[in-house]
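Protein chains: 4
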Amino acid sequence: MHYIEDTEFIRGKVPMTKSEIRILTLTKAQIGEKDFVADIGAGTGSISIEAARIASKGYVFAVEKNPAAVKLITQNAEKFEVGNIVIINAEAPSCLKQISRIDVAIVGGSGGKIFEILDALDAKLKIGGRIVLNFITIQSLANCLEWLKYHDNYSYENIQVQITRFETVGAYDMPKSNNPVHIVTAKKINQKRCANIIRLGMRS
Amino acid sequence: MHYIEDTEFIRGKVPMTKSEIRILTLTKAQIGEKDFVADIGAGTGSISIEAARIASKGYVFAVEKNPAAVKLITQNAEKFEVGNIVIINAEAPSCLKQISRIDVAIVGGSGGKIFEILDALDAKLKIGGRIVLNFITIQSLANCLEWLKYHDNYSYENIQVQITRFETVGAYDMPKSNNPVHIVTAKKINQKRCANIIRLGMRS
Amino acid sequence: MHYIEDTEFIRGKVPMTKSEIRILTLTKAQIGEKDFVADIGAGTGSISIEAARIASKGYVFAVEKNPAAVKLITQNAEKFEVGNIVIINAEAPSCLKQISRIDVAIVGGSGGKIFEILDALDAKLKIGGRIVLNFITIQSLANCLEWLKYHDNYSYENIQVQITRFETVGAYDMPKSNNPVHIVTAKKINQKRCANIIRLGMRS
Amino acid sequence: MHYIEDTEFIRGKVPMTKSEIRILTLTKAQIGEKDFVADIGAGTGSISIEAARIASKGYVFAVEKNPAAVKLITQNAEKFEVGNIVIINAEAPSCLKQISRIDVAIVGGSGGKIFEILDALDAKLKIGGRIVLNFITIQSLANCLEWLKYHDNYSYENIQVQITRFETVGAYDMPKSNNPVHIVTAKKINQKRCANIIRLGMRS
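If you're matching them up, the sequences are chains A, B, C and D in order.
Going letter by letter, the first sequence gives residues 3 to 206 in our numbering.
Going letter by letter, the second sequence gives residues 3 to 206 in our numbering.
Going letter by letter, the third sequence gives residues 3 to 206 in our numbering.
Going letter by letter, the fourth sequence gives residues 3 to 206 in our numbering.
One or more of the hints may lead you astray.
Because identical chains share one entry, a pair is satisfied inside a single copy or across any pair of copies.
[To be verified] Subject to a maximum C-alpha distance of 25 angstroms in a straight line, what follows is the list of computed BS3-like cross-link-like pairs (lysine-lysine):
hint	residue 1	residue 2
1	36	178
2	178	151
3	178	115
4	189	178
5	151	67
6	20	189
7	151	194
8	15	178
9	115	20
Because the hints were derived from the structure by calculation, they are not lab data.
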């Protein structure tokens, strides 16, 4: 259960999921050795690289629109000698069409298109497959929960995680809080879809 | 129950207790109109000024060693037209001798001398009086709790408060967490002291 | 700044806002001596009674649908000898019509009708008036924030408060966390309304 | 990175580390395939069993004084078919003498003997070995931090983790907070010991 520390990744100015959130997200994703994993909003690639090490006989599709971030993913993939990452320098969800199959999806960022991304992932996701999402804003979280309420072929768990790191300053341990993150873990239990009519209730 | 917003105080670089912590601290202090209040580690004077408005017929003794902070307390006292604050530009606890009587004490900072400060306050505090303390570090909090365990003539409450402010960024509300603060409220229920021998167990 | 402790209120099985949340809610409401205050979802009346003590020359309209809770409000009003509470045993928002004017509104519970309640309060609220809302669920909070985004004649603050109380067990202080509560403070800065068309985007 | 859910373990009335804390604790422990792991205060054995699956060619020494808990560890070890757990039904630290070598130690409960337990673990722990501790109380945490301050041959990290689980109630997600847990991860960087004299400052 060895993992890569935050400081080991090449970062630049691109925001990165902190280690505790990364670990919980990857663990809840229950990635298998031969899985096809989609990492939406891959950022520095910290999740993609850990996922690729777990899915050693599968593939990770790292979707990231920001070219600066794409460069970091490439550099980190090289640094950690991971060969099974396919970088897709485009914006979700349109680019998801080119992925043949998805066993597990991890959504780090949705760029305000959470409904469209969930629809596109749902179209590719196998039964028993998981989507694990990280949310910072109330609005994106609420939209995801609304999507899940209308798609009762998914069971889900929703937790808020607040990590405070205590830094040693002389004889004292001083707290420094990270911002709270919601981790939503959705599992596809069958193929049944909800009627489109219901979608009228949703916010776009 | 009107209160002063953080932004209304003159601040400079001196750290200031955030409004929610200030409000809870002042409320738990149960300050009376004629009370003598000691504010240890007064900083910008935000607590002292609110306390002085409540103890309108009493006095607030603002103890602060940092001259830059003392200047801010003076400026804020002028800005909010509070005349019943006595500024003591010295370090606690030695300077507490000059205070004749204490009905309520608020400790924002202890400078690593929490045992000595509590001893000095205890010597002046009336029965039924309160000491409300804010702690950021585990060590200072633990020392305070240890002092209280050995001084069973005090009853106390200990809460941790974590405030996360959501800032509007376009269509989204983004979280920004303050660091957690412990608010300890101790009430002196009688005069009985503990034996000095017990103090040997304490850390200095 | 004296306040009533949780234990002093007559409670029964009706849920009650915990003291720290009650204090912060009341403080952010900035209630004036002559204000007309609406307390929606009054529960045990803990907020109504504190509000009535502040608005000593005004009135508090305690709106509560649950008869068992109404009985508690009456008993608590008697216990704390508060005479300026008008209990409205009905469900918001329909019953709000009978209130002539609202200077401050506090919403403890919205029963899934947050849009309708905000619309009804907005119709009565003076310019410069405040609505302070407590939320536990993501959905009600998100709906409130959406209403506020569409009503840019309100400025607002949104904080999440997490209180952990440490209980003494022998030589130890053991934590017991309350569930996190969001406190949204909205201030009406002018009378301008948003176009109804925009409302179509909303969830009902 | 598959893990066992809380509900899969046989539990009874014995308290169990919740999954997120278990996962973070195990990950920070960086257990190797051939490691000898000491699990102090093993409880239901949830940590021991996960550790035994990682240290598949090593051993886990599950130290637990409570006979009821020992029975659960045995039952869970059978259920998950783990053969490399040695159960020590005794109280730490005295029983730690019988363990020949420790590569990683996990401390879930210290029964008020944290100094003695850390001393005993330190005597067996290899250089580069890790001790990962979970703390709920301020006092035990403070004592651990004090031990670490006096043992500068250890580097450490200290985080507080607060998990809030949102349970679906009809159309809503209602929060339910777990109590905050501190996870302290100490790494032995060399063999140097501190002078005993310093220990006088410590609380026992």
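Structure-based check of each hint:
With identical chains, the CA atoms of residue 36 and residue 178 are never at most 25 angstroms apart, being 39 angstroms at best within one copy and 36 angstroms at best between copies. With identical chains, the CA atoms of residue 178 and residue 151 are at most 25 angstroms apart between copies only, with a shortest distance of 19 angstroms across copies and 35 angstroms within one. In this homomeric assembly, residue 178 and residue 115 come within 25 angstroms of each other (Cα to Cα) only across copies, at 23 angstroms, whereas the closest approach inside a single copy is 31 angstroms. For the identical chains of this complex, residue 189 and residue 178 are inter-copy neighbours only, at 21 angstroms across copies versus 34 angstroms inside a copy, given an alpha-carbon limit of 25 angstroms.
With identical chains, the CA atoms of residue 151 and residue 67 are never at most 25 angstroms apart, being 29 angstroms at best within one copy and 28 angstroms at best between copies. When the C-alpha separation of residue 20 and residue 189 is checked against a cutoff of 25 angstroms, the pair qualifies both within a copy, at 24 angstroms, and between copies, at 20 angstroms. With identical chains, the CA atoms of residue 151 and residue 194 are at most 25 angstroms apart within one copy only, with a shortest distance of 13 angstroms there and 35 angstroms across copies. With identical chains, the CA atoms of residue 15 and residue 178 are at most 25 angstroms apart both within one copy (20 angstroms) and between copies (19 angstroms).
For the homomeric pair residue 115 and residue 20, the shortest alpha-carbon distance inside one copy (23 angstroms) is at most 25 angstroms, but the shortest distance between copies (33 angstroms) is not.
Violation of the numbered hints given earlier is confined to hints 1, 5; the remaining hints are satisfied by the structure.
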